[in-house]
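Please model the complete structure; the sequences and the hints are all you need to start from.
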Amino acid sequence: NAGVTQTPKFQVLKTGQSMTLQCAQDMNHEYMSWYRQDPGMGLRLIHYSVGAGITDQGEVPNGYNVSRSTTEDFPLRLLSAAPSQTSVYFCASSQTGLASNTGELFFGEGSRLTVL
Amino acid sequence: AQSVTQLGSHVSVSEGALVLLRCNYSSSVPPYLFWYVQYPNQGLQLLLKYTSAATLVKGINGFEAEFKKSETSFHLTKPSAHMSDAAEYFCAVSHYGGSQGNLIFGKGTKLSVKP
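Protein sequences appear in the order of chains U and L.
Be aware that the first sequence starts at 1, since it is given in the working numbering, and climbs by one per residue.
Be aware that the second sequence starts at 117, since it is given in the working numbering, and climbs by one per residue.
Among the hints, erroneous ones may be present.
[What the hints assert, rightly or not] Just some of the chain L residues that point at chain U, by a computed CB distance under 7 Å: (1) Gly159; (2) Lys223; (3) Gly224.
[What the hints assert, rightly or not] Here are the in silico distance ranges between beta carbons for each label pair: (4) Ser228(L) x Ser18(U): 35 to 43 Å; (5) Lys9(U) x Ser200(L): 20 to 28 Å; (6) Thr114(U) x Lys185(L): 39 to 47 Å; (7) Pro195(L) x Leu116(U): 44 to 52 Å; (8) Leu116(U) x Ala170(L): 44 to 52 Å; (9) Thr15(U) x Lys184(L): 44 to 52 Å; (10) Ala169(L) x Gly16(U): 45 to 53 Å; (11) Pro156(L) x Thr5(U): 16 to 24 Å; (12) Thr15(U) x Pro195(L): 48 to 56 Å; (13) Gln17(U) x Pro195(L): 49 to 57 Å; (14) Thr15(U) x Ala170(L): 45 to 53 Å; (15) Lys9(U) x Lys226(L): 16 to 24 Å; (16) Ala169(L) x Gln17(U): 46 to 54 Å; (17) Arg112(U) x Ser168(L): 30 to 38 Å.
Treat the hints as calculated values from the structure; they're not laboratory data.
Ideal Cβ positions, reconstructed from N, Cα and C, are used throughout, including at glycine.
The following block contains the structure:
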């Protein structure tokens, strides 16, 4: 069982370049989300989705776009990368809406992005 | 809005000693509370959760946490630390439903275990 799969694991970009971080889950989870992790800052929510066709902003959405065309996939797009977006990005999914009775987020292994 | 404060960004204990990681939350409605663990170069995994049932919650690897409403706390404990417990621990809060159902994480506490 693959769970939540993120690609790529590592990426180096130049300022102004664009890229997409991929996230796929095979657990038929309705809820998916993207967090960024920075030293001393914990995890901060970028965008989330409660089902195909539905997305919403989290705490730090600026500079990022998302879409949810299928239940399985939730890509995160950086349209014009900036050094401030250097971070480790985590995709997470949950079986039911948000943190309901199950309350458990399943995380991918992370994508480490460096913007020069 | 809900929030989480973890006291101490770094905690060091000796192997066999008590582990105590502190978490205080802020919430205007009854919260759901969680502890997650992150091992180096890995994603987070759930240790335990409180969802308004028993106030003393037992998790994996011998960890437990007690929900204390009067103190707005959800501290994580383990009676005897093991070298394999060295990791970063995150407390998180959420509420059921709507945008408040998203997990809000604390800044994390890195646990070191000395031999």
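(request) Please write out, lowest number first, the hints stated earlier that are contradicted by the structure. (result) Violated hints: none at all, because every hint is consistent with the structure.
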